[in-house]
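Asker: Chains as they are written, first to last, in this note's numbering: chain A, 1 to 283; chain B, 1 to 258.
These are calculated hints, taken from the structure and not from any lab test. Be a bit skeptical, because a hint or two may be false.
Below 20 Å or equal to it, Euclidean Cα-Cα: the simulated SDA-like pairs (lysine to any residue) are [as the list claims (entries may be wrong)]:
(1) B/Lys223 <-> A/Arg123
(2) B/Lys223 <-> A/Thr101
(3) B/Lys164 <-> A/Ala143
(4) B/Lys164 <-> A/Leu77
(5) B/Lys164 <-> B/Leu190
(6) B/Lys145 <-> B/Ile195
(7) B/Lys223 <-> A/Thr10
(8) B/Lys223 <-> A/Asp118
(9) B/Lys164 <-> A/Leu144
(10) B/Lys164 <-> A/Gly147
Selected chain A positions facing chain B (Cβ under 8 Å, derived; list incomplete) [stated by the list, open to error]:
(11) Asn20
(12) Gly82
(13) Asn90
(14) Thr96
(15) Ala98
(16) Glu111
(17) Asp118
(18) Ala122
Glycine included, every Cβ here is placed at the ideal spot set by N, Cα and C.
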Amino acid sequence: MIDIQGLTYTYPASETPALNGIDLTVPEGQLCAVIGANGAGKSTLCYAIAGFVPHFYNGTLTGRVTVAGRDVVATPLAELAGEIGLVFANPFNQITGARFTVREEVAFGLENLGVPRDDMLARVDAALALVGLAGLGDRSPYALSGGQQQRVALASVIVMRPRVLVLDEPTSQLDPVGTREVFETLAGLAQAGGTTVVLVEHKPEWIAVHADRVVVLSAGRVVLDGPPAEVLAAPELSGYGLAPTRYTQAARLAVGRGLAPGDRPLPVTLEQAAPFFTDRVSP
Amino acid sequence: MSAFSLYVDRNSGLNRLNPLTMLALIGFCLVAGLALPGAWAPYAVFLLAILPLAAGGRVLRPFLSAALKIVLPFAVSVTLIQGLFWTGGTPIVHLGPLSLKREGLIFAAQSTGRILAVLGSFLLLALTTRTDALMIALAQHGAPKSLTYIVLATLQIAPRFQAKANTILDAQRARGLEVEGGIGRRVRALIPLTIPLVLGSIVDIEERAIALEARAFSRSGPKTSLLVLRDSHMQRIGRWVLVGGMIAAVILGIVLRR
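Just chain B, with the same shape it has in the complex (with noise of 0.2 Å):
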């Protein structure tokens, strides 16, 4: 039971970046693939910058998997709802009493576009970025380091969190509690398995900032990191370029769209 993690260490190039670098990537990606204008725009971006990335980071298998896995399910249903009750449309197919709408099939095709330039821009950062990583990165750079400390926290904790919740509800089984049956049984059994869940967990952060404190993490002055995170001069070059090319792509966007 170790963090909540979906990073793959390849010993790619990708893994190599500094993680500022690959979040000012993946920023590109999300800012080009939704501001530049056409239903194409987001799966050009997926299938020109997202996917050989992912090829590059030599997480493409993982990365396809996950991304259809959620994509497929959304791409069939918004598909089906926007092609087939789309009021008003061109009726393209006919399928006995309904019929798929020109109209209502381009929305559902723009739609998983960009859920998946989305999806598949922080797939790919989980997949070739550390998380703690990006996090020491971030808070280097000024980001309020309780709020990097919640988001490393909640990743560890999540799981942590969830194996508790299992113990309770065995414990509380062991004692005859009933959880399975109608829907009335299993509300009811709701408040005996999440009062000593709450209870407990506000105990758990009251110890858990006392042993933070301990460890010097409300001192101020000069820290230092156990992780080292590799940057260049280039790689800072490169996340300047990268920035320009999310506000090109947006004023590109503004423009096309007129």
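Chain A extracted, bound-state conformation (with noise of 0.2 Å):
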């Protein structure tokens, strides 16, 4: 669905390239966690995938990139528009302000792609309850708070259907209940939905459970790519500014002190962390 070839970006005011010869597919229906320290290029990634890097920021681009078949540096950012959808992590500056409550504002993007009217109050009332925003369709969108303005702008962009769904840390603002219902709801439109995930976050704990592969950026370049278990256990994670789930911390240690063996490996999550440690007094 994604497919990114040999992807060097440096922008405009810059001497350093952003991204540094990308290679990276992402299939139909994946949710690919990106991870990596600040300023190694997550964010022009995910414009990258969107269109917004070369379209909007301009710069020097070189390499492929194809969404959904289509070519984003070829194909203009309206058009784009309704096939990938972008969400960041800032949420009060991804409300439009085009619209007076929380139900038009959800709408705006269905408007502007001209769907029926009958159609987008069934899809806006969808989204809504899916990002458990069900009551306040009649609010003010400046009237919520930072995390639920943040769930408003995930239903905006939901709404649309897009195939492919971009987000720059969606839960920068939400506490964990939120965190957990929004990885819930990613995973579950990437399963059940078909829709390809791209997702840069910094909640180790929550990639290790929700995401199908996670990606490493340093410096504009993929260093690790694999299975969450594989990659967030891996031991030169903390090289690249990032720090390792709780569990795997707590695992390293215990073998450190000889409090396990170390052949096996480190678990990422909670329901791998219990039997690596529940083992090691059983006979």
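Can you join these two chains into the complex? Each is in its own frame, and there are hints to help.
Answerer: Here you go:
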């Protein structure tokens, strides 16, 4: 669904490339998490998949980005909008300000796509229910909390039913319960709806549970790529400025002190951690 | 902290009118109030058209209270200044060394009337018509959508902008910035307050543009609307009648002034 070949991109006022020779293929329906330290190129990768790099930011781009069969560099942004959804961290700036209620705000993208009104109502209410905002449709989006606004931003993009959903830290303002709900929603969209999801996040415990795959970026390059259990437990993770999950940290500590045998893969989720620690005591 | 709006939902006849009909009605009041000659024409329009409409729209109380708050201070000051200091006018009332001049009072009455008609018209529009509905209606009739977007976004973002300015003010005060005291100190304090506000807003604008694009804002082709705007054959005719009324008022004004 997403096919990136040899992507190198440099922002207009910059000397060093933000993305440097990226090769990445994401099949349909996969939930692919992207992690990396600040300045690793995560947001730029999101913009490149959604077409804002290079259409919005200009700069120099080499390589190929193909999403849902379209050459992103050759397709105008307006045509990509319905196909590729983009959600980013700051919820306030994603509220367009063009409409006065949450329901109308979520419908704004559908109005621009020319979706008939009856369809629109059903889709908007379904999207609001999906992100847990069912009762707030008539409120002003600006009267909501940061976490609620973030859910509005998510609903506003999900409602357009993009085939590819790109999210740059969509849970930055959410509490643990909200984070879990968003991750479950995204996993559901990927599994049941066949939506391809690229998710930039900093919360390794949640990535470990819900992602099909983890890609680590460092200085504009893909340095690790594989299933969560493999990538999140990789010893080189801290060298890229990333913290492993607390389960991995505890397990590594236990192995280091001789409390657990070092020949087993380290756990990255609670489910994996339980047998890792309890198996030690059983004969 | 929601949108900056005066709209009051009374489920009145005026609330149910198509926003364009309301706009034509207001336009007619405005043009008639300003184009017809004589100091009393704006008052006549105010009393015979704007006030009854406000009453019909069931917004008479907020309408009068807002109109008085703005017009009364203006009326008092313009009456005193023009009445007392009109050069070479006919004195009619003597107040010690000063006197009220007839010409000055007429000028004051004329300006107050015009302010009353203009302010009353816009106030009536703001109280009875949803801005978003008006903008959607205008966009459907060919107004540039970026223009209607700017109007709507400004109404919603202005209160947020103010809140942001207050946050910056609090943050800089917490770091020891003194914002009270003499005029020099206050002016100096403006720099560390405005720079973060302006720079932050530039970043905001960039993100906002991305968010709009991601929602297919610039896509061409037919658009739909969740908000249903009521319209009827009668209202369409009514709008043309009002436009005709505006032209008639302008012509009448020119003829009567000769």
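Asker: Now, for every hint given, state plainly whether the structure supports it.
Answerer: So, going through the hints one by one against the coordinates:
Note on B/Lys223 and A/Arg123: the hinted pairing holds, with a Cα-Cα distance of about 16 Å set against a maximum of 20 Å. With a C-alpha separation of about 19 Å, the suggested pair B/Lys223 and A/Thr101 falls inside the 20 Å cut-off, and the hint holds. The hinted pair formed by B/Lys164 and A/Ala143 meets the criterion: a straight-line CA distance of about 15 Å does not exceed 20 Å. A hinted pair counts as satisfied when its Cα atoms are at most 20 Å apart, and B/Lys164 with A/Leu77 does not qualify at roughly 31 Å.
Between B/Lys164 and B/Leu190 the alpha-carbon distance is near 15 Å, which keeps this suggested pair within the 20 Å criterion. As the CA atoms of B/Lys145 and B/Ile195 are separated by approximately 31 Å, the hinted pair breaks the 20 Å bound. Among the hinted pairs, B/Lys223 with A/Thr10 is inconsistent with the structure: their alpha-carbon atoms are about 36 Å apart, more than 20 Å. Distance restraint check for B/Lys223 and A/Asp118: the Cα-Cα separation of roughly 14 Å lies within the 20 Å cut-off, and the hinted pair is therefore satisfied.
Only pairs whose Cα atoms come within 20 Å are accepted, and B/Lys164 paired with A/Leu144 is accepted, the gap being roughly 16 Å. For the hint linking B/Lys164 to A/Gly147, the alpha-carbon distance of about 18 Å falls within 20 Å, and the restraint holds. Here the hint on A/Asn20 is broken, as its CB sits about 23 Å from the closest CB of chain B, past 8 Å. Taking 8 Å as the C-beta cut-off, the interface hint given for A/Gly82 holds, the closest approach to chain B being about 6 Å.
With 8 Å as the threshold, the beta carbon of A/Asn90 comes within range of chain B, its nearest partner Cβ sitting at about 6 Å, so the hint holds. Below 8 Å, beta-carbon pairs count as interface contacts, and A/Thr96 has one with chain B at about 6 Å; its hint therefore holds. The beta carbon of A/Ala98 is positioned within 8 Å of a beta carbon in chain B (closest approach about 5 Å), and the interface hint is therefore held. The beta carbon of A/Glu111 is positioned within 8 Å of a beta carbon in chain B (closest approach about 5 Å), and the interface hint is therefore held.
Among the interface hints, the one on A/Asp118 is violated; its C-beta lies about 10 Å from the nearest C-beta in chain B, farther than the 8 Å criterion. Of the supplied interface hints, the one on A/Ala122 is violated, with its beta-carbon coming no nearer than about 12 Å to a beta-carbon of chain B, more than 8 Å.
Hints 4, 6, 7, 11, 17, 18 from the list above are not met by this structure, while the remaining hints are.
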